[in-house]
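This is what each chain is made of:
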Amino acid sequence: GIQVEQSPPDLILQEGANSTLRCNFSDSVNNLQWFHQNPWGQLINLFYIPSGTKQNGRLSATTVATERYSLLYISSSQTTDSGVYFCAVSSGGGADGLTFGKGTHLIIQP
Amino acid sequence: GAVVSQHPSWVICKSGTSVKIECRSLDFQATTMFWYRQFPKQSLMLMATSNEGSKATYEQGVEKDKFLINHASLTLSTLTVTSAHPEDSSFYICSAGSRGKETQYFGPGTRLLVL
Numbered sequence: 004g005i006q007v008e009q010s011p012p013d014l015i016l017q018e019g020a021n022s023t024l025r026c027n028f029s030d031s032v033n034n035l036q037w038f039h040q041n042p043w044g045q046l047i048n049l050f051y052i053p054s055g056t057k058q059n060g061r062l063s064a065t066t067v068a069t070e071r072y073s074l075l076y077i078s079s080s081q082t083t084d085s086g087v088y089f090c091a092v093s094s095g096g097g098a099d100g101l102t103f104g105k106g107t108h109l110i111i112q113p
Numbered sequence: 248g249a250v251v252s253q254h255p256s257w258v259i260c261k262s263g264t265s266v267k268i269e270c271r272s273l274d275f276q277a278t279t280m281f282w283y284r285q286f287p288k289q290s291l292m293l294m295a296t297s298n299e300g301s302k303a304t305y306e307q308g309v310e311k312d313k314f315l316i317n318h319a320s321l322t323l324s325t326l327t328v329t330s331a332h333p334e335d336s337s338f339y340i341c342s343a344g345s346r347g348k349e350t351q352y353f354g355p356g357t358r359l360l361v362l
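Protein chains in written order, with my numbering: chain A, 4 to 113; chain B, 248 to 362.
No lab work stands behind these hints, which were simulated from the structure alone.
It is possible that some hints are incorrect.
Claimed, not checked - For lysine to aspartate or glutamate, the following EDC-like pairs were computed, each having C-alpha atoms within a straight-line distance of at most 20 Å:
{"id": "1", "chain 1": "B", "residue 1": "Lys-288", "chain 2": "A", "residue 2": "Asp-84"}
{"id": "2", "chain 1": "B", "residue 1": "Lys-311", "chain 2": "B", "residue 2": "Glu-334"}
{"id": "3", "chain 1": "A", "residue 1": "Lys-105", "chain 2": "B", "residue 2": "Glu-306"}
{"id": "4", "chain 1": "B", "residue 1": "Lys-311", "chain 2": "B", "residue 2": "Glu-299"}
{"id": "5", "chain 1": "A", "residue 1": "Lys-105", "chain 2": "A", "residue 2": "Glu-8"}
{"id": "6", "chain 1": "B", "residue 1": "Lys-267", "chain 2": "A", "residue 2": "Asp-13"}
{"id": "7", "chain 1": "B", "residue 1": "Lys-267", "chain 2": "B", "residue 2": "Asp-312"}
{"id": "8", "chain 1": "B", "residue 1": "Lys-288", "chain 2": "B", "residue 2": "Glu-349"}
{"id": "9", "chain 1": "B", "residue 1": "Lys-302", "chain 2": "A", "residue 2": "Asp-99"}
{"id": "10", "chain 1": "A", "residue 1": "Lys-57", "chain 2": "B", "residue 2": "Glu-349"}
{"id": "11", "chain 1": "B", "residue 1": "Lys-288", "chain 2": "A", "residue 2": "Asp-99"}
{"id": "12", "chain 1": "B", "residue 1": "Lys-267", "chain 2": "B", "residue 2": "Glu-349"}
{"id": "13", "chain 1": "B", "residue 1": "Lys-288", "chain 2": "B", "residue 2": "Glu-334"}
{"id": "14", "chain 1": "A", "residue 1": "Lys-57", "chain 2": "A", "residue 2": "Asp-84"}
{"id": "15", "chain 1": "B", "residue 1": "Lys-261", "chain 2": "B", "residue 2": "Asp-274"}
{"id": "16", "chain 1": "B", "residue 1": "Lys-311", "chain 2": "A", "residue 2": "Asp-99"}
{"id": "17", "chain 1": "A", "residue 1": "Lys-105", "chain 2": "A", "residue 2": "Asp-13"}
Chain B extracted, bound-state conformation (with noise of 0.2 Å):
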């Protein structure tokens, strides 16, 4: 299968800063990236989905201004949490596609600990 990359594989941070999150798919060129939030014992929930060169559409209830997504180039997708609260301590992970490809591949994930 496909190779998606994450960095950084954890965080930690004050209250109020900002941290931003990469995704690489390594192997193949993601016209489509996803990036999924999971709370402790709960499931993967998406947040948004971006196509290369435009911009993300965001699952209802998550907050764009806060969760900027860019999708520049069909190999990179950056994930920033912007003026980040305790409440956006998760994993986020995230997901490379393409419509010539059947499945989405997952990354390793990022661990945010906001304090």
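Next comes chain A alone, as it looks inside the complex (with noise of 0.2 Å):
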């Protein structure tokens, strides 16, 4: 099945800094999401992303296909950015299950 990387597995910060997230994966995908779990466990949805750039606010997302990687960015960083953020894809679409990386922690320090 695809393996799924994420780097660094944790991250700590400083209030208004910004971070890269990245996410390595070993075959073509036809899916991308970026989750961010909260403290509750409630997985949140950032970005639907196989291929090309979006952004949502301070987070923005890129996902470069032929090279198998993609990247989180998130500016200003807040306290509630704090959380554990996942990489999770797929061969298929919303019919497939997806392979989760193993996460990337995140604490940012007020």
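Join the two chains, each given in its own frame, into one complex according to the hints.
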């Protein structure tokens, strides 16, 4: 199956800093999603981005499908950005199960 | 995005009992529902995929006789953990998808603690 690697595993930043999270995947994908898991466990869907670039407020993401990686950018970090960020992929669309990376645990300090 | 609910959000049970978790898609017809499991400080692992009206497909290493999945309608899937044991304690999360949608939509999860 597809392998997903995320880096870094842990990241501690001061409020206001910018960060880049990386997701490498081992095979072609038709679905790539970035999630933020809050302290209560809820997965918040940030981006559906199998290719290209998207932006939503302070967050943006870029996927270079030909090189099999995706980047999540967080600008002007806030303490509420803390949590675990997961990248998940599948070779199919919405009807295929997702393979998750191990996540990046982000801590934003005030 | 679409809304998916799970019930219950928390369950504590004694070893040997069975526990049923419901997953509902509230505003779209989910032809496919997925069940994931997440142990503390670990990632999510896909357990099984269920299509409405047919048997679930289980991932390697997941016991189908222990984790019974029913997807009887386009808005409801259930996961029953039979004869639960402490090692089954985990966070169970469902998601709903369909061929017409690009993404999956996740429920809020159910925390199971087996004593």
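Here is what the structure says about each hint:
1. Among the hinted pairs, B:Lys-288 with A:Asp-84 is consistent with the structure: their alpha-carbon atoms are about 18 Å apart, no more than 20 Å.
2. Only pairs whose Cα atoms come within 20 Å are accepted, and B:Lys-311 paired with B:Glu-334 is accepted, the gap being roughly 16 Å.
3. Of the supplied pair hints, the one linking A:Lys-105 and B:Glu-306 holds, its CA atoms being roughly 18 Å apart against a limit of 20 Å.
4. Proximity of B:Lys-311 to B:Glu-299 is assessed by CA-CA distance (about 17 Å); at most 20 Å being required, the pair is judged to hold.
5. Restraint check: the Cα-Cα separation between A:Lys-105 and A:Glu-8 comes to about 7 Å, which is no more than 20 Å; the hinted pair holds.
6. For the hint linking B:Lys-267 to A:Asp-13, the alpha-carbon distance of about 35 Å lies beyond 20 Å, and the restraint is violated.
7. Straight-line distance between C-alpha atoms of B:Lys-267 and B:Asp-312 comes to about 14 Å, which keeps the hinted pair within the 20 Å bound.
8. For the suggested pair B:Lys-288 and B:Glu-349, the alpha carbons sit about 28 Å apart, so the restraint of at most 20 Å is broken.
9. For the proposed pair B:Lys-302 and A:Asp-99, the alpha carbon gap of about 15 Å is at most 20 Å, so the pair holds.
10. In summary, the hint linking A:Lys-57 to B:Glu-349 is supported, as the alpha carbons are separated by about 15 Å, within the 20 Å threshold.
11. For the given pair, B:Lys-288 sits about 24 Å from A:Asp-99 by alpha-carbon distance, which is inconsistent with the 20 Å threshold.
12. For the suggested pair B:Lys-267 and B:Glu-349, the alpha carbons sit about 29 Å apart, so the restraint of at most 20 Å is broken.
13. A C-alpha spacing of about 15 Å is found between B:Lys-288 and B:Glu-334, which places the hinted pair at or below 20 Å, so the restraint holds.
14. Simply put, A:Lys-57 and A:Asp-84 have alpha-carbon atoms about 18 Å apart, close enough for the 20 Å limit, and the pair holds.
15. With a C-alpha separation of about 35 Å, the suggested pair B:Lys-261 and B:Asp-274 falls outside the 20 Å cut-off, and the hint is violated.
16. A threshold of 20 Å between alpha carbons decides the hint, and for B:Lys-311 with A:Asp-99 the separation of about 19 Å falls inside it, so the pair holds.
17. The straight-line distance between the Cα atoms of A:Lys-105 and A:Asp-13 is roughly 11 Å, inside the 20 Å bound, and the hint therefore holds.
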